[in-house]
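Colleague: Position chains L, U and D against the provided structure of chain C, taking the given hints into account.
There are 4 protein chains.
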Amino acid sequence: MLKAIKTAVIGGSGYTGLELVKLLIKHKYANLSLLTSNTYSGMALQDAFAYFKNLNCAGIAFKATDSITYNDFAATDLVFLCLPPHQSMEFAANHLKDYRGKVIDIGSDFRIKDPESYREWYGKDHIATGMLKDFIYGLPEINGEQIKHAKYIANPGCYPTSVLLCLAPLAGLLSKNEPVGKEPFSDKILPCCGGPDIKGQLQIADINIDSKSGVSGAGRKLKDEYLFCSANENFYAYGPLLHRHIGEMEQEIEELCGSKFAISFTPHLLPVERGIFTSVYCKLRFGASYNEKSCCCDSNSKTGSKDAAVKEIVESLFSWYYKNCLFVKFIGQKIPQIKDVLNTNFCHIGYAYDNRTDTLKLFSAIDNLLKGAAGQAIQNMNIMFGFKQEEGLNE
Amino acid sequence: MLKAIKTAVIGGSGYTGLELVKLLIKHKYANLSLLTSNTYSGMALQDAFAYFKNLNCAGIAFKATDSITYNDFAATDLVFLCLPPHQSMEFAANHLKDYRGKVIDIGSDFRIKDPESYREWYGKDHIATGMLKDFIYGLPEINGEQIKHAKYIANPGCYPTSVLLCLAPLAGLLSKNEPVGKEPFSDKILPCCGGPDIKGQLQIADINIDSKSGVSGAGRKLKDEYLFCSANENFYAYGPLLHRHIGEMEQEIEELCGSKFAISFTPHLLPVERGIFTSVYCKLRFGASYNEKSCCCDSNSKTGSKDAAVKEIVESLFSWYYKNCLFVKFIGQKIPQIKDVLNTNFCHIGYAYDNRTDTLKLFSAIDNLLKGAAGQAIQNMNIMFGFKQEEGLNE
Amino acid sequence: MLKAIKTAVIGGSGYTGLELVKLLIKHKYANLSLLTSNTYSGMALQDAFAYFKNLNCAGIAFKATDSITYNDFAATDLVFLCLPPHQSMEFAANHLKDYRGKVIDIGSDFRIKDPESYREWYGKDHIATGMLKDFIYGLPEINGEQIKHAKYIANPGCYPTSVLLCLAPLAGLLSKNEPVGKEPFSDKILPCCGGPDIKGQLQIADINIDSKSGVSGAGRKLKDEYLFCSANENFYAYGPLLHRHIGEMEQEIEELCGSKFAISFTPHLLPVERGIFTSVYCKLRFGASYNEKSCCCDSNSKTGSKDAAVKEIVESLFSWYYKNCLFVKFIGQKIPQIKDVLNTNFCHIGYAYDNRTDTLKLFSAIDNLLKGAAGQAIQNMNIMFGFKQEEGLNE
Amino acid sequence: MLKAIKTAVIGGSGYTGLELVKLLIKHKYANLSLLTSNTYSGMALQDAFAYFKNLNCAGIAFKATDSITYNDFAATDLVFLCLPPHQSMEFAANHLKDYRGKVIDIGSDFRIKDPESYREWYGKDHIATGMLKDFIYGLPEINGEQIKHAKYIANPGCYPTSVLLCLAPLAGLLSKNEPVGKEPFSDKILPCCGGPDIKGQLQIADINIDSKSGVSGAGRKLKDEYLFCSANENFYAYGPLLHRHIGEMEQEIEELCGSKFAISFTPHLLPVERGIFTSVYCKLRFGASYNEKSCCCDSNSKTGSKDAAVKEIVESLFSWYYKNCLFVKFIGQKIPQIKDVLNTNFCHIGYAYDNRTDTLKLFSAIDNLLKGAAGQAIQNMNIMFGFKQEEGLNE
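These protein sequence lines map, in sequence, to chains C, L, U and D.
Offset between the first sequence (1-based) and our numbering: plus 6.
Offset between the second sequence (1-based) and our numbering: plus 6.
Offset between the third sequence (1-based) and our numbering: plus 6.
Offset between the fourth sequence (1-based) and our numbering: plus 6.
Chain C extracted, bound-state conformation (with noise of 0.2 Å):
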């Protein structure tokens, strides 16, 4: 029988906070011993969001966040940040140095590991440089392994989470250089087309991202934008040009195909209450020595063989790399909708490949506060301490 951990919860009355603390309550080996929020001081949990009298959360009260001193938080396992910018790294120089807990930061301070770039990006100095290099960036599809072991984690954002499970099973296909038939285009992976003609021949030369993102993605915040009365019935791109993510994200495709690679994204704004869908358009590029007619996928094929090769590609690529992943479901050519991951921790992508532009459309949609955010640092907390992954999400 595992034994429950005690959490607290830093920012706890924003969105994803609140979301963090409704999962916190059902899961099986957790406890909340702190809850905290500078608006709700001293109010019961269920005085302030009637939702939680539904769930048995009775003797949960806010703390003001400005007030919390060590030992406040000193006797739990695992703290969960959920602050602003520049707060989450305030909070940690302030209060962690001596924690021996483990930290999930879902804010954005700790996930950009270049104090340079997190100034360019951020626009500010980062004051807690020397426990970046200790976070581990918390994508567990990706980083799964080293989040097992990780004492602190900087949860991804939510468009970023969107984005790179899109990008993950085709690094081996990013780079600017010339296809030159690298990893991971194995035989084992490819099993058809792993002739010459196909493989190391195919390279996504651009990459130009359209994300669109439900109004919970800007938080809870008075501003006259996320009135009922602007969002709803409209639709507009916002930031278009240096969006904080962007940084997060080129960071992580590094990582991932082991070269820089600059990326063209675009957020806009839904008038959904939460759900992010993503459409990444790679422009895809045919090596020298591509030649169609030798390829043996496509024997069947009636629209070509470049259609064929990429469909065998792609599909191969996903398959292989989300074959243990419970909460990716990678769904060919069909086209994930919100709807179909809303209220869950679920990721669906699909694809689809123009050959009048070379272009590989691929999908993505998650709830930016589940997958996006809360539930995806309950998935980091049950992989850094031994539960089941899907423990406490698998509604």
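A couple of the hints might just be wrong.
The list makes no distinction among identical chains, and a pair is therefore deemed to hold if it is satisfied within one copy or across any two copies.
Calculated cross-link-like contacts (lysine-lysine; reagent style DSS-like; alpha-carbon spacing at most 27 Å) [to be verified]: (1) K34 <-> K157; (2) K229 <-> K28; (3) K340 <-> K59; (4) K340 <-> K227; (5) K59 <-> K335; (6) K108 <-> K394; (7) K329 <-> K59; (8) K289 <-> K312; (9) K335 <-> K28; (10) K103 <-> K9; (11) K317 <-> K59; (12) K340 <-> K69.
Don't read these hints as lab results, they were simulated from the structure.
Since we're looking at a predicted model, the values are computed, not measured.
Modeller: For chains L, U and D alone, coordinates are given in the frame of chain C:
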């Protein structure tokens, strides 16, 4: 004083048809003489759709589309066809031979001029090929002069309207060849950077379009995916490979720039009733002779001279192209919103240039039922009959 | 040819203020000479709200409401006040003493005529009591004649508009006393059942109102409950006891029927942007002399003669009351829908009579920002200045 | 250790059926042995509805409902019927004669116990009248004891659930007669005001119910009114006279209070996917012996002793009635919200008392697909088979 014309609306109970009828009833110089619908045959317009109780249209009732004969509309000056694919050409073949009035087809049968291409995109032989050459593509900001003298108008599709209005001013940059510095980069248009370093040194190498349409774009179809419980709080791409509007867009792009240009196009279903937001991603290529340092635009720029050069070119071209166009508002580096054009015939266009990936991002917003359909049809009617372009559209 | 009037809009950046500005800009006989807002002070209207790029209003900018002096609007013919509770009377007390033009207050300060009652419902002393008697309650379908000659108009609240239009035709039935057969049951209005058995034998004993309003009804307030993520996919009652509009409604009901009548009123928040749907439940009481058998209405009725009698009375009274009213459509036993009146100045009213519980159910639908606020203000302006009632409102 | 039961779901592709299947798949002690649907016959559940890829149900596929034979489900312990009106009784008449397991009918055929009444409300003769007496009305908070021992359950309608949970605690007040002071006003329940002045001096004289349901309440019907473009940004009443749920509600109210009580009920269509908000307006009548002055409750009240008396009675009765009911939360003078119960099996109930009109306003919120349908069915199953009441429902 202008004399009112008599109009007929064939297929007037769909979303577009009803929007057109609303506009016609309020139009000072147009009367509605005939309205047809198989579904609502025999019903008064006000009884079928209670909204029309608000308008002065007590005498208007639906006749069955299938039972219309030439005599029913012979005396009209203008016939609007609002019929599903393949039915416009049937109606035209059967009924319009002797008609001396003008025709605006809001359906899709006469947009593609080449019967081969029609078969390819619409999966059926065209049965009124003899009439194809007489149809003018009715995008007034591009073909205004031809529309003035047209007898037959093929009203553009909603997606193509939102896309072509983004690309038309940039036609001179569209070429698969290396940049060669041709018009419209005249000195008048580009006063500052009209020098050899920019002029002719910039091309659009690739176009990737991500469009999002409200549910009314699909028409009034009793399908599971258009039910409230399916579309609400949902979002997804659909038809990711061969959407029929691609043929129409590539045809018109070729008209604009003089050469074939294949585009990647992906439509998505937005959980709003009406409105299209289109993101056009243009990959830029700078010519070999382009020299940042000698560009005069950049003296005060902090972000690098490519930014200044693109700004100069884009803003000059859009201002020039739309300077006399009432219904297209170029808003520079701001981003348009669906809400700003809802229930209007306007198109708002903004842009951003990402110098990290040489991507020019163009964003447009229209109301799919107005500028994307019925409003544009009225605009065309106004032009064809010598009324003010905005007559009846100035809500 | 009518001459255009000069108008000022004080407090023009809220939902109602902007709706009013839209209508004024398009109005043939009204010019907007002054527009104020503290929040957007100094900004051009088009820059603050991109929708206005669609309208011909390039020169219009906001001045700060707080810095307005008499000279800023002394030359205007009409001042619209669109200010929060208590601010209209402050503006009036400070600025309107010498003003020779007319005033339409879209706020709530001058609707309640009795200062005691004002204090009771609004929790504050009225500071311009001397002006109260000069304000006419601006519901044109009820007070049209007085509005023609009014200098000051108190524009009705949105809920009261939706309620009073349901009750006005039935004023003769409203009494706490036993039915006594007074007007308007003249033979002309009730030709069939004008006999002694029905006439004067029917009363409304009790009124229970359940109203549902779109979110814009709350105004542009940066509060958590009006955020998209709070209001979307949600619904609830609010202010269930002493909503301020009750005082206004009971005052006007007393005006209509000559005696005090306490009503139960419960407002609810609808997850739509605009629109009010009101269900008015009237408990009917039949007088002791009422005799079903001798009622002439019922010869062909299957559902019992009470049904026939109520139908006769309700339909006669509504048809009679609204026969010259363009903007109120009585649709009989059909049920109105918000969508049918959206973006219009119309009110649709339908009814059903439940003979099992003697409940007359009246249903009304309006657009809260138009017939419930800015549209009605323009309708009042038109009447006050001798324009056609529907001038500028015939969308 | 409890043993898992085998269940069958007949008609499992509607909104309620799918919600039930979701709950069953995650239920620790229930297996899904048979799933039927005519529309999706032959398809795997995961292929028909991609959401189910998230759940461990790879082997589940739909059989055609029309081709089911007794042998298909003879070995199950429980059959759920999720069929449209009239089809449950056909299925029961044809297939359930020999079935030794239990049955929960989520449809409406077995809720009304009297065949005459069934014909009146459902317009058709009941064809399985012999089985009617064996069905227990499955509202666990009211009939929990009977449900434990039931073989057949008629699962309540969604509206009746939201209404009856408001009225059940007040059953002692429900009578058309003058107040007579009967139970449940025992001293234990009303400790303070158990004196002669209140006890038995308060009655509910009239009940008027205004209910609002999300679109899923109508089921998955391909009708124009349930299209996104029809329901979105819209709201209206429907079926304002003889909604079928009235018969069911009046039957159960009679069960509760021992005498017939006619109610006025008006359903409305909310533009949300799921959720019901019900406003129950009870007109109170105080008995002749009621004496405000001698009521002990009121010593500190500012708002008058009727307020205090009603507060005392309502709060005591609700607290007493639901003290052991996990899924009903009485929240006093707060107002419930749909969002607080969404995706849960909970019902939240609040109240307000308007002493100006003697109106007690009760407000309830449920998720129509859970507490209003599938969740309640699982709750019934749990009770019938001796599982914990909340097993599989504790999201």
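Colleague: The structure should be examined with respect to each hint, and the outcome stated for every one.
Modeller: Going through the hints against the structure:
With identical chains, the CA atoms of K34 and K157 are at most 27 Å apart within one copy only, with a shortest distance of 22 Å there and 34 Å across copies. When the C-alpha separation of K229 and K28 is checked against a cutoff of 27 Å, the pair qualifies both within a copy, at 26 Å, and between copies, at 24 Å. In the homo-oligomer, the alpha carbons of K340 and K59 lie at most 27 Å apart only across protomers (13 Å), although the nearest pairing inside one protomer, at 40 Å, exceeds that limit. In the homo-oligomer, the alpha carbons of K340 and K227 lie at most 27 Å apart only across protomers (22 Å), although the nearest pairing inside one protomer, at 35 Å, exceeds that limit.
Only between protomers do K59 and K335 lie at most 27 Å apart by alpha-carbon distance; the minimum there is 7 Å, versus 34 Å within a single protomer. For the identical chains of this complex, K108 and K394 are intra-copy neighbours only, at 18 Å inside a copy versus 35 Å across copies, given an alpha-carbon limit of 27 Å. With identical chains, the CA atoms of K329 and K59 are at most 27 Å apart between copies only, with a shortest distance of 14 Å across copies and 39 Å within one. Taking CA atoms no more than 27 Å apart as the test, K289 paired with K312 passes in both settings, with 13 Å inside one copy and 23 Å between copies.
With identical chains, the CA atoms of K335 and K28 are at most 27 Å apart both within one copy (24 Å) and between copies (18 Å). In this assembly of identical chains, the alpha carbons of K103 and K9 lie at most 27 Å apart only when taken from the same copy (26 Å versus 50 Å across copies). In this homomeric assembly, K317 and K59 come within 27 Å of each other (Cα to Cα) only across copies, at 21 Å, whereas the closest approach inside a single copy is 49 Å. Taking the shortest Cα distances, K340 and K69 sit within 27 Å of each other only across copies (24 Å), while inside one copy they are farther apart (47 Å).
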